[in-house]
Amino acid sequence: MKSFFGSFFGVLFAVLFLIGVALVGCIAVIALIIANSERRVAIADNSLLVLDLAVPISDAPPEFSTSQLFAELNEESQETPVTLREILRAINRAATDPKIRGVFITGNLVPLGGYASSYPALKEIREGLAKFKESHKPVYAYLEFPFTQGYYLESVADQLFVDPQAEFILRGPSSSPLYFAGALKKFGIGVQVFRVGKYKSYVEPYIRENMSPENREQLEKLFADIWNEVTNTIERARGLPHGSFEQLINANGLIDGELAVKSKLGTELVSRSTVIDRLKKQYGPDEQHRTFRQVTVSSYLGSVERNIKGQPDSRPKIAVVYAEGEIVDGEGAAGNVGGQRYAREIRKFRLDPNVKAIVLRVNSPGGSGFASEEIYRELEAAEETKPVVVSMGGYAASGGYYISAGSKHIFAEPTTVTGSIGVFGLEINFERLATDNGITTDSVTTTNALATLFNPVKQKSDADLAMLQKATDRFYGQFLTRVSQGRHITVEQVNDIAQGRVWSGSEAAKIKLVDEMGGLNAAIAYAANLAHLGDQPRIKEFPGRKDLSEKLKELFKSTPRPPVARFDPVGLGIRELENELKDIRALNDPEGVYARFPTDIQWN
639 MKSFFGSFFG
649 VLFAVLFLIG
659 VALVGCIAVI
669 ALIIANSERR
679 VAIADNSLLV
689 LDLAVPISDA
699 PPEFSTSQLF
709 AELNEESQET
719 PVTLREILRA
729 INRAATDPKI
739 RGVFITGNLV
749 PLGGYASSYP
759 ALKEIREGLA
769 KFKESHKPVY
779 AYLEFPFTQG
789 YYLESVADQL
799 FVDPQAEFIL
809 RGPSSSPLYF
819 AGALKKFGIG
829 VQVFRVGKYK
839 SYVEPYIREN
849 MSPENREQLE
859 KLFADIWNEV
869 TNTIERARGL
879 PHGSFEQLIN
889 ANGLIDGELA
899 VKSKLGTELV
909 SRSTVIDRLK
919 KQYGPDEQHR
929 TFRQVTVSSY
939 LGSVERNIKG
949 QPDSRPKIAV
959 VYAEGEIVDG
969 EGAAGNVGGQ
979 RYAREIRKFR
989 LDPNVKAIVL
999 RVNSPGGSGF
1009 ASEEIYRELE
1019 AAEETKPVVV
1029 SMGGYAASGG
1039 YYISAGSKHI
1049 FAEPTTVTGS
1059 IGVFGLEINF
1069 ERLATDNGIT
1079 TDSVTTTNAL
1089 ATLFNPVKQK
1099 SDADLAMLQK
1109 ATDRFYGQFL
1119 TRVSQGRHIT
1129 VEQVNDIAQG
1139 RVWSGSEAAK
1149 IKLVDEMGGL
1159 NAAIAYAANL
1169 AHLGDQPRIK
1179 EFPGRKDLSE
1189 KLKELFKSTP
1199 RPPVARFDPV
1209 GLGIRELENE
1219 LKDIRALNDP
1229 EGVYARFPTD
1239 IQWN
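Taken in order, the sequence shown gives residues 639 to 1242; the numbers are from our numbering.
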């Protein structure tokens, strides 16, 4: 018995000791976080504002991650993820800040898919940098392995330093969907679809083994529009003859550093260390980090902007709502647009007397028809009491266009992907798979045969499909009506340009789906004018950046994410497969009806 109590209290003491150590550790971490959050970076005279393209540029503030939080504790850590508006604000302030002498663009913008670093966002940043240059401050860029998207932005620089080992990976947009019809048939998985719109091709990978002529037609036109905008912009910036940029790519494929400089894509072939030494001599050294004097976008904003959170602000403002990601039914999660969550927040802004206008920034391929309608209704209700203006980012297609259609004014960029006014449904069944493996099913119903309509083991009958097609047709008719009312054109005119077809922003303006070319800041300025708020309105964002208390709440329930990686071909392949599965999981509409962009684009 004595030995038992000795062992018991020994174990108890050890457990209490470990708990105490853990608590002390947590307190220490929290203290470090608080100290770090209150620390403001001192900006040295003659500094360069550094824009790191390796960090994805999102429209909405990035989702919280523990790895990001702990990285912020380390002064040597990578750049904190930034948003489009944050970059634009930093560039605008830096133009008149005597401590900032120029901008230095670095990092490789690797096309990872998703919605970050879209051409419309890059165009607005590019325009901000062009205006920055009017203050007689230079813009530098250092190029190592630029893809087209990154080079599109970097080409605005006064000097483009090219690494001696650089390879320019310049390609136009493309789409190479995976087709699963053969594999699904092989494994006994049945797919039945119902859709409206001959261009509504989202379901094709599940029922075909190649691309339909209609889908090929719309993508070829879309890509041509976007590619022309990109190449023309680059050629104007670099003083190249019209058509020469594409000719250079077609003739050489990968372009090495020497050829890039010879072809005027860069100004000089030089190592990074040499560039750093030059800038140290010109602007002064940062002895602590052994480089030239510099400040990142996030550190710069943290120093020059004072954000007092947690205090009520009764001043008039504009609410900017970021609809970025798939539109899904229910609350949704970080990275997508949950119908209930967004409708609730828009309702709050509608009822808030201090919110004088709403700007909806859409960067979404669409998704759930039910959730799209849910968001649309709240925006329509808001429109009755205050202006609602839409800014379209990389995507505002299908459900993304649905939620935009009723607004007072729609802005888009020439490279925006929009339209896709069409509807589809998709049902998967395992009847043959079950039968081949000796699995059967039986049922007892209290109503009729339709009670087992969504039984995943049974293939849908003709009557089942007719009923589902009817629901799809009904939603398509509602979609046409929403667009007709919002754009002030007839339903017949909408139907002619709908059919699920996607359009570039420039083409959408010609067919009245869009009012004006312009970015997020243009939409905010337009809304401010309608609401009589002047040229520097206060902004309330949703989703917004989380403050310290919110980060701490999520600290112990988050799964750490890896930091931003360099170009990794194998990782990109794995990520593409993950994205395919993510798309399937996002199909959660309660009625099985979807308004979504047909395919994922590789922007390159």
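Just to be clear, a hint being listed does not mean it is correct.
[As the list claims (entries may be wrong)] Below, a list of computed lysine-lysine pairs in the BS3-like style, where the Cα atoms sit at most 27 Å apart:
| id | residue 1 | residue 2 |
| --- | --- | --- |
| 1 | Lys-919 | Lys-737 |
| 2 | Lys-955 | Lys-775 |
| 3 | Lys-771 | Lys-919 |
| 4 | Lys-955 | Lys-1024 |
[To be verified] Using C-beta positions, here's what the derived DEER-type ranges look like:
| id | residue 1 | residue 2 | range |
| --- | --- | --- | --- |
| 5 | Gln-926 | Lys-902 | 47 to 57 Å |
| 6 | Arg-1112 | Ser-941 | 52 to 62 Å |
| 7 | Gly-751 | Asn-684 | 37 to 47 Å |
| 8 | Thr-1084 | Glu-969 | 25 to 35 Å |
| 9 | Gln-1107 | Ser-941 | 43 to 53 Å |
| 10 | Arg-731 | Lys-902 | 47 to 57 Å |
| 11 | Lys-900 | Glu-925 | 46 to 56 Å |
Hints are computed from structural coordinates only; laboratory data are not their basis. Ideal placement from N, C-alpha and C gives every residue a C-beta, glycine not left out.
Notebook entry, point to check: Range hint 25 to 35 Å: satisfied by the CB atoms of Thr-1084 and Glu-969?
Noted result: Since Thr-1084 and Glu-969 have Cβ atoms about 31 Å apart, the given range 25 to 35 Å holds.
Notebook entry, point to check: Do the beta carbons of Gly-751 and Asn-684 sit within 37 to 47 Å of each other?
Noted result: 39 Å, holds
Checklist line | Pair hint outcome, Lys-955 versus Lys-775 [Cα-Cα no greater than 27 Å] | finding: Roughly 32 Å separates the two Cα atoms, so the pair is violated.
Note to self: With the threshold set at 27 Å, check whether the alpha-carbon distance from Lys-919 to Lys-737 stays at or below it.
What the structure shows: Holds - the C-alpha atoms of Lys-737 and Lys-919 are around 16 Å apart, at most 27 Å.
Check: Cβ-Cβ distance between Arg-1112 and Ser-941: within 52 to 62 Å?
Finding: 55 Å, holds
Check: Within 47 to 57 Å or not, the Cβ separation of Gln-926 and Lys-902?
Finding: 37 Å, violated
Note to self: Check whether the Cα positions of Lys-955 and Lys-1024 lie no farther apart than 27 Å.
What the structure shows: 12 Å, holds
Item checked: Outcome for the supplied range 43 to 53 Å, where the beta carbon pair is Gln-1107 and Ser-941 -> 59 Å, violated
Next item on the list: Hint says 46 to 56 Å; check whether the CB-CB distance for Lys-900 and Glu-925 agrees.
Entry: Once the Cβ atoms are compared, 37 Å apart, the range 46 to 56 Å for Glu-925 and Lys-900 is violated.
Margin query: Can you tell me whether the CB distance of Arg-731 to Lys-902 sits inside 47 to 57 Å?
Written below: Violated, at about 32 Å.
Notebook entry, point to check: Straight-line Cα separation of Lys-771 and Lys-919 no greater than 27 Å?
Noted result: 21 Å, holds
When held up to the earlier numbered hints, the structure conflicts with 2, 5, 9, 10, 11 and fits the remainder.
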